[in-house]
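Based on the hints, put chain Y in the right spot on chain D.
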Amino acid sequence: MSFSEADIAAIWLTLRLATTVTLVLMVIGTPIAWWLARTRSWWKGPVGAVVALPLVLPPTVLGFYLLVAMGPNGPIGQVTQSLGLGTLPFTFWGLVVGSVFYSMPFVVQPIQNAIEALGERPLEVAATLRAGPWDRFFTVVLPLAKPGFLTAAILGFAHTVGEFGVVLMIGGNIPGETRVVSVQIYDHVEALEYAQAHALSGAMVIFSFVVLLVVYGYQRMQAPLGMKYRV
Amino acid sequence: MAVASNFTAPMKEIAAAFERSSGHRVTLSFGSSGKFFAQIKHGAPFQVFFSADRAKPEALEKAGLVVPESRFTYAVGALALWSVRPGYVDDDSARLKKGDFRKLALANPKLAPYGMAAVEVLQNLKLKEATQAKWVYGENISQTYQFVGSGNAELGFVAVSQIMDKGRIAKGFAWIVPGELHDPIRQDAVLLKRGAHSDAARALLHFVRGEKAAQILQSYGYKTLADVN
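Protein chains in written order, with the working numbering: chain D, 20 to 250; chain Y, 4 to 232.
Bound-form chain Y, shown alone:
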């Protein structure tokens, strides 16, 4: 099973709960969605793919590598403006608006849905032009987290799931960006052709849509599609 690395922690918990309740065994492989996409296209033996976006599962579907109608949104990500330094984020975006910082980290919007959402937020706040000279790109949301976490960028847009532990902000200071400032960050999963005859793969995809999985998702700051609609 190929899982986008931003979903590492919740997926470990979900898989453990699934194994306990079903008796099936799951082998998890974590990495970047872009690399998994390329590997699956070239015959990698994954049965299920949990992507960090919608575009890649959709492209695999078009390429005929997916069991028809198996694609669904397993989680909706939330975005946070985050800093490890006191005084930069105070439950709102005042400092961001004042422009009183040196670097603002975001995931590369060309590659990462969280980066795209961050740009949408800045656009909607009418801050895109004013802040653009201070942007630094992480190659993905993990590197963006690390740029801010190491203090090299005072501010950054990261995934709520990265800074949340058991329903609380675990480190630093954060402003959870209201969902109406950007399009929902939907993460899609698909059953791949190689998993078409696997009962375990189908059972897992069913489990991920269930109540127990939704609880785990929420404890990591994700939402389900039902929350958003």
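Only chain D is shown next, with the shape it has when bound in the complex:
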């Protein structure tokens, strides 16, 4: 197995994208998961469904809407242009935005499950001990729901690494900017360079297998706590 310089550039870019997306998702996914886990509002159903949409929609649908919305005449494109940022398609940050939508359920759902599994009790106890909301989150929820957060981070990362359709639609295949591993593999196959395609694909299979093995192994360790998330 040997990788060309372009392959290695694609691998680095993919890791950079997945890391960025995971960090962004942990920050914005946590409050969404928190709200979904604890609310009794009528909105829980619709919001939960919107978060879960990328699980069932073809990536082409998401990619198509993002391309139109982020384009020069789309609503997001109008905002980014008026801020002097230009438009997002064909840029690394465009891929970040797309991937955040695309990987959202993989981050929100494990955290939501973990918080739901905690129940009201630990938070009520903490409240009677005069812990404020932030204090309760960082000293009670975070440690107790740690397995959920870890699972969320790992799945968010892995799912972004495995992304293809959205990137293909909004990426524009720019080396070092938007040409991630999955696109590189596609190009190798289309150009009939099967040896290179094999090397990269093999690496992806091993990576994905190891990630899932780690997640399942970790969940088994935590199983007595009753926190599980199935992919």
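The set of hints was computed from the structure by calculation and includes no laboratory data. Be careful, since some hints might not be right.
Covered by chain Y, per the in silico footprint, the following chain D stretches (three or more residues, Cβ under 8 Å) [unchecked claim]:
id, stretch
1, 106-113
2, 155-168
3, 202-214
Label-pair ranges, simulated between beta-carbon atoms [what the hints assert, rightly or not]:
id, chain 1, residue 1, chain 2, residue 2, range
4, D, Phe228, Y, Ser24, 42 to 48 Å
5, D, Val229, Y, Gln221, 16 to 22 Å
6, Y, Glu132, D, Ala222, 47 to 53 Å
7, Y, Ala173, D, Phe111, 53 to 59 Å
8, D, Gln100, Y, Gln221, 39 to 45 Å
9, Y, Lys101, D, Leu42, 55 to 61 Å
10, D, Thr79, Y, Ala19, 28 to 34 Å
11, Y, Gln218, D, Ala214, 41 to 47 Å
12, D, Phe226, Y, Thr11, 35 to 41 Å
13, Y, Gln126, D, Thr79, 29 to 35 Å
14, D, Ala214, Y, Gly90, 43 to 49 Å
Far from chain D by the CB rule (all over 12 Å, computed), these chain Y residues [said to hold, decoys possible]:
id, residue
15, Phe75
16, Arg98
17, Leu114
18, Glu142
19, Asn143
20, Asn155
21, Glu157
22, Arg197
23, Ala203
24, Leu208
25, His209
Note that beta-carbon positions come from the ideal geometry of N, C-alpha and C, so glycine has one too.
Positioned in the frame of chain D, the structure of chain Y alone reads:
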């Protein structure tokens, strides 16, 4: 019959004319030449293959999947610099030369003959190095068209056939690139072994070389090999 997707519209018209004049029935399947190539190699039941390039029919010929001496150039593509925004293309390449744009879309030259031709044009205009940082690749000429058509890239090299309808530029602004700036974009067809005994397949390939088909080709901005030589 497997047909490269960039040839969808003219082939529908050619097939309809052929069916009217011959009474044969044609079943068309449109897709990327690369995928058809892989499928034909693995036994897909196509009788005729209209590729978007020369390399794939040639490779099938070498692999012995083609009726000998059936390969020919059915169309020669033309390239256009295209934009949907006013002021970017004005019957020439001035704006391209000035570098006054953010993104230039072209088909991936590794995969698509139109992308290769676009790179040749930029090379011949001595603009390759200057513009390279602004290139965005479509996976094929259709995606390149869509990048420019949606306005996400201000400029792009697309196939004339994509923007031409009944002999006129249907949308946006275009500079038809002079043919001497790139090698001819020849699209080849072959009769596959599975079609060797099909009268309909042979009749169709004959029809495609005829006068009626040439008219249809031209109305979509393609040339015939005779025009080029």
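Okay, the hints, checked on the actual structure:
Proximity of the stretch 106-113 of chain D to chain Y, defined as three or more residues with a beta carbon under 8 Å from a beta carbon of that chain, is established by the 3 residues found. With a threshold of 8 Å between beta carbons, the proposed coverage of the stretch 155-168 of chain D by chain Y is violated, since 0 of its residues qualify and at least three are required. Check result for the stretch 202-214 of chain D against chain Y: holds, 6 residues qualifying (beta carbon to beta carbon below 8 Å, three or more required). The given range of 42 to 48 Å is broken by Phe228/D and Ser24/Y, whose C-beta atoms sit roughly 57 Å from each other.
Evaluation of the 16 to 22 Å hint for Val229/D and Gln221/Y yields a failure: the beta carbon distance comes to about 57 Å. For the hinted restraint 47 to 53 Å between Glu132/Y and Ala222/D, the CB-CB distance of approximately 33 Å leaves it violated. Taken as a hint, the range 53 to 59 Å is violated for the pair Ala173/Y and Phe111/D, whose Cβ atoms sit roughly 34 Å apart. Between Gln100/D and Gln221/Y the C-beta distance comes to about 40 Å, which sits within the given range of 39 to 45 Å.
Checking the proposed 55 to 61 Å range against Lys101/Y and Leu42/D shows it is violated: the Cβ atoms sit about 40 Å from each other. Judged by the Cβ atoms, the range 28 to 34 Å given for Thr79/D and Ala19/Y holds: they are separated by roughly 30 Å. Checked against the given bound of 41 to 47 Å, the beta carbons of Gln218/Y and Ala214/D, roughly 45 Å apart, stay inside it. Taking the beta carbon of each, Phe226/D and Thr11/Y are about 38 Å apart, inside 35 to 41 Å as hinted.
For the hinted restraint 29 to 35 Å between Gln126/Y and Thr79/D, the CB-CB distance of approximately 34 Å keeps it satisfied. Against the hinted window of 43 to 49 Å, the Cβ-Cβ separation of Ala214/D and Gly90/Y comes to about 46 Å, which satisfies the hint. Every CB of chain D is more than 12 Å from the CB of Phe75/Y (nearest about 23 Å), matching its label as outside the interface. The beta carbon of Arg98/Y sits about 16 Å from the closest Cβ of chain D, which is more than 12 Å, so the claim that it is off the interface holds.
With a cut of 12 Å on Cβ distances, Leu114/Y falls inside the contact zone with chain D, its closest approach being about 5 Å. Some Cβ of chain D comes within 12 Å of the Cβ of Glu142/Y; the nearest lies about 7 Å off, and the non-interface call is violated. At roughly 9 Å, the least C-beta separation between Asn143/Y and chain D is not larger than 12 Å, which violates its mark as non-interface. Asn155/Y, annotated as away from the interface, has a beta carbon of chain D within 12 Å; the closest lies near 5 Å.
Against the 12 Å criterion, Glu157/Y falls within the reach of chain D, whose nearest CB is about 9 Å from its own CB. Non-interface call for Arg197/Y relative to chain D: holds, since the shortest CB-CB distance, roughly 21 Å, exceeds 12 Å. Separation of Ala203/Y from chain D is adequate, the least Cβ-Cβ distance of about 30 Å exceeding the 12 Å criterion. In this structure Leu208/Y is separated from chain D by more than 12 Å, as the shortest Cβ-Cβ distance comes to about 25 Å.
A cut-off of 12 Å between C-beta atoms confirms that His209/Y is not in contact with chain D; the least separation is 31 Å.
The structure shown violates the earlier hints numbered 2, 4, 5, 6, 7, 9, 17, 18, 19, 20, 21.
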